[in-house]
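Protein chains: 2
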Amino acid sequence: MKIAVLGASGLVGRAMLSQLEQCCWVDELPLLLTSNRSAGTKIDFNNQELVCHAVNEDSFDDIDIALFSAGGDVSKKYAPIAVNAGAVVIDNSSAFRMDSTVPLVIPEINPTASKGIIANPNCSTIQIAMALMPLHKEFGLLEAHITTMQSVSGAGLAAQQELENKSVTELDIIPKIGAPLSDGSFTEEDKVVNELRKIMSLPELGVTCLATRVPVWNGHSAAIRAVFANEVDREKAVKALAMFPGVGVAKSEHDFKTATEVTSKGEVAVGRLRLDSTNKNALLMWVVADNLLKGAALNAVQIAGQIVESGS
Amino acid sequence: MKIAVLGASGLVGRAMLSQLEQCCWVDELPLLLTSNRSAGTKIDFNNQELVCHAVNEDSFDDIDIALFSAGGDVSKKYAPIAVNAGAVVIDNSSAFRMDSTVPLVIPEINPTASKGIIANPNCSTIQIAMALMPLHKEFGLLEAHITTMQSVSGAGLAAQQELENKSVTELDIIPKIGAPLSDGSFTEEDKVVNELRKIMSLPELGVTCLATRVPVWNGHSAAIRAVFANEVDREKAVKALAMFPGVGVAKSEHDFKTATEVTSKGEVAVGRLRLDSTNKNALLMWVVADNLLKGAALNAVQIAGQIVESGS
Numbered sequence: 001m002k003i004a005v006l007g008a009s010g011l012v013g014r015a016m017l018s019q020l021e022q023c024c025w026v027d028e029l030p031l032l033l034t035s036n037r038s039a040g041t042k043i044d045f046n047n048q049e050l051v052c053h054a055v056n057e058d059s060f061d062d063i064d065i066a067l068f069s070a071g072g073d074v075s076k077k078y079a080p081i082a083v084n085a086g087a088v089v090i091d092n093s094s095a096f097r098m099d100s101t102v103p104l105v106i107p108e109i110n111p112t113a114s115k116g117i118i119a120n121p122n123c124s125t126i127q128i129a130m131a132l133m134p135l136h137k138e139f140g141l142l143e144a145h146i147t148t149m150q151s152v153s154g155a156g157l158a159a160q161q162e163l164e165n166k167s168v169t170e171l172d173i174i175p176k177i178g179a180p181l182s183d184g185s186f187t188e189e190d191k192v193v194n195e196l197r198k199i200m201s202l203p204e205l206g207v208t209c210l211a212t213r214v215p216v217w218n219g220h221s222a223a224i225r226a227v228f229a230n231e232v233d234r235e236k237a238v239k240a241l242a243m244f245p246g247v248g249v250a251k252s253e254h255d256f257k258t259a260t261e262v263t264s265k266g267e268v269a270v271g272r273l274r275l276d277s278t279n280k281n282a283l284l285m286w287v288v289a290d291n292l293l294k295g296a297a298l299n300a301v302q303i304a305g306q307i308v309e310s311g312s
Numbered sequence: 001m002k003i004a005v006l007g008a009s010g011l012v013g014r015a016m017l018s019q020l021e022q023c024c025w026v027d028e029l030p031l032l033l034t035s036n037r038s039a040g041t042k043i044d045f046n047n048q049e050l051v052c053h054a055v056n057e058d059s060f061d062d063i064d065i066a067l068f069s070a071g072g073d074v075s076k077k078y079a080p081i082a083v084n085a086g087a088v089v090i091d092n093s094s095a096f097r098m099d100s101t102v103p104l105v106i107p108e109i110n111p112t113a114s115k116g117i118i119a120n121p122n123c124s125t126i127q128i129a130m131a132l133m134p135l136h137k138e139f140g141l142l143e144a145h146i147t148t149m150q151s152v153s154g155a156g157l158a159a160q161q162e163l164e165n166k167s168v169t170e171l172d173i174i175p176k177i178g179a180p181l182s183d184g185s186f187t188e189e190d191k192v193v194n195e196l197r198k199i200m201s202l203p204e205l206g207v208t209c210l211a212t213r214v215p216v217w218n219g220h221s222a223a224i225r226a227v228f229a230n231e232v233d234r235e236k237a238v239k240a241l242a243m244f245p246g247v248g249v250a251k252s253e254h255d256f257k258t259a260t261e262v263t264s265k266g267e268v269a270v271g272r273l274r275l276d277s278t279n280k281n282a283l284l285m286w287v288v289a290d291n292l293l294k295g296a297a298l299n300a301v302q303i304a305g306q307i308v309e310s311g312s
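Sequence lines, in order, name chains E and U.
When we follow my numbering, the leftmost residue of the first sequence carries the number 1, and every step to the right adds one.
When we follow my numbering, the leftmost residue of the second sequence carries the number 1, and every step to the right adds one.
With the rest of the complex left out, here is chain E:
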């Protein structure tokens, strides 16, 4: 298998390479692709120094799977080129996620053996879907009301540097991620709402989302109130979450993990799981995950692993 990573020098690109280092099916050194600006950057891969190359129209000629994480515009330009060259593209940008012909995949939820372009969902959406899917199977999800608290690593290296240079009194929470939309939301909120519906195959799901950027280095948190068709049972909910691959759950209503605690881990951790005193069909919960791993690189590499498996 010949793998290319486009956007290899970014936070997600580097995390993809770390994940690929651990994959037994990676039997050739990956091709590292970047913009012209970042070409020449050297990155270690299994103790070998690889050099990033500037992407061009011929970059994908020998590639089986191309992992893209270089922004929507780059994806729009190079994904069709890579597919034409015979590669499967797993795209971490939002460019194709809502395209009805493109699968939007979380391997534990809606695995695919598709070729062509496969979209990797939004970071917050992935961890929220991972927490809601087992509960949906148990109780039938009707509504999810979500407040996200997203770390600066989700905004890239520059945002991390900005946080590093802030004085303690400048730390703040900004309830605005992305661009404004006509319905009053921002694009990040719209992604959570609509990607969740697509991934869970629940086009009518009632979802609200307020997305905030928080002064946390890495790891996203989400406070969720979920309303179901059926009366919930806390023990059944804990069991459903615990049985779901990739999800961990705190047994006690008071226990939880934090974003920083799950950093560098692949797990989606559900905590503070409680009955809602206002509605016997509702649950409250706290969900954290490493947005660079399960929220991006790990999920993309898991999709790649399923493609490899389905082709072998």
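Treat the hints with care, since some could be wrong.
Computed list of lysine-lysine pairs in DSSO-like fashion (alpha-carbon distance at most 30 Å, straight line) [stated by the list, open to error]:
| no. | chain 1 | residue 1 | chain 2 | residue 2 |
| --- | --- | --- | --- | --- |
| 1 | E | Lys-76 | E | Lys-2 |
| 2 | E | Lys-166 | U | Lys-166 |
| 3 | E | Lys-42 | E | Lys-251 |
| 4 | U | Lys-76 | U | Lys-176 |
| 5 | U | Lys-76 | E | Lys-265 |
| 6 | U | Lys-166 | E | Lys-176 |
| 7 | U | Lys-280 | E | Lys-176 |
| 8 | E | Lys-280 | U | Lys-239 |
| 9 | E | Lys-42 | E | Lys-77 |
| 10 | E | Lys-239 | E | Lys-137 |
| 11 | U | Lys-265 | E | Lys-176 |
| 12 | U | Lys-280 | U | Lys-239 |
| 13 | E | Lys-251 | U | Lys-176 |
| 14 | U | Lys-176 | U | Lys-265 |
| 15 | U | Lys-251 | U | Lys-280 |
| 16 | U | Lys-166 | U | Lys-137 |
| 17 | U | Lys-239 | E | Lys-176 |
| 18 | U | Lys-176 | E | Lys-265 |
| 19 | E | Lys-239 | E | Lys-265 |
| 20 | E | Lys-166 | E | Lys-265 |
| 21 | U | Lys-137 | E | Lys-176 |
| 22 | E | Lys-280 | U | Lys-176 |
| 23 | E | Lys-137 | E | Lys-115 |
| 24 | U | Lys-251 | E | Lys-137 |
| 25 | U | Lys-176 | E | Lys-239 |
Here are the simulated distance ranges between beta carbons [claimed, not checked]:
| no. | chain 1 | residue 1 | chain 2 | residue 2 | range |
| --- | --- | --- | --- | --- | --- |
| 26 | U | Ala-229 | E | Asp-183 | 23 to 33 Å |
| 27 | E | Gly-72 | U | Ala-158 | 24 to 34 Å |
| 28 | E | Lys-251 | U | Lys-42 | 22 to 32 Å |
| 29 | U | Ala-158 | E | Lys-115 | 30 to 40 Å |
| 30 | U | Glu-261 | E | Glu-49 | 19 to 29 Å |
Derived from the structure by calculation, the hints contain no laboratory data.
Note that beta-carbon positions come from the ideal geometry of N, C-alpha and C, so glycine has one too.
We have chain E already, so just place chain U on it with the hints.
Just chain U now, with coordinates in the frame of chain E:
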């Protein structure tokens, strides 16, 4: 009027003194009271250096109004003593808030001319009630689902010092404030739920709350989804908030203030006010305030001002 401030050297105590400096009805220097440990601390009041005295059973003999912010145990011990000595006690601790004989007061919502002990509500509760009350009057509040993001100043000077000493990768969000309760909540969440019901005179109000501590120096934020008896109208909601004393509201659905932006200001700022696409009777919003001011010291001094006015 002779005023005493018990807990004068703490964050809230000092903020109370700053507020009292601006009150025309304060015509004598206040008496500054602390624990034995903090006695001797010097604090400026209108450019005069005042010295903190250790509180004792005779401290309140000449006092008209005593502002308490020294923790629940201190309040339980000294509030009855101060009342017996003829003072009105305005208590910022949680000791008496849910006592049915004690008014729990936000002057803009439920003013009082009561004597004896008056309780100052929880910091988050105040800003949430200030945002919900005008909307309740307009549409009839049925439910409020709240996620708070509370700054470290709410946990006192030691917590601020702890934040100051953290490295950037240690910043984290902790969904746990206070002590665990048998219903799965923590005390801070219980305060928001039950104090809101008492202040708004809505004992049956459906409230859920997840309270988190965030790495922010000062100023609390709250994400609220509110469900009403009647269909909501965004223009009416904005108008009702704008007309309510002490509340500011952003005109656009995309606009907002942050916790840091309202620090040192008396305002409760409502932003990101949006219709809820899942329910025509619901609104989403973002509410920030300075937890040391409207969330504590300012509200307490406003109560004191109403007592003075009602007695004159």
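Hints the structure violates: just list their numbers, smallest first. Numbers 3, 5, 8, 16, 24, 27, 28, 29 and 30, in rising order.
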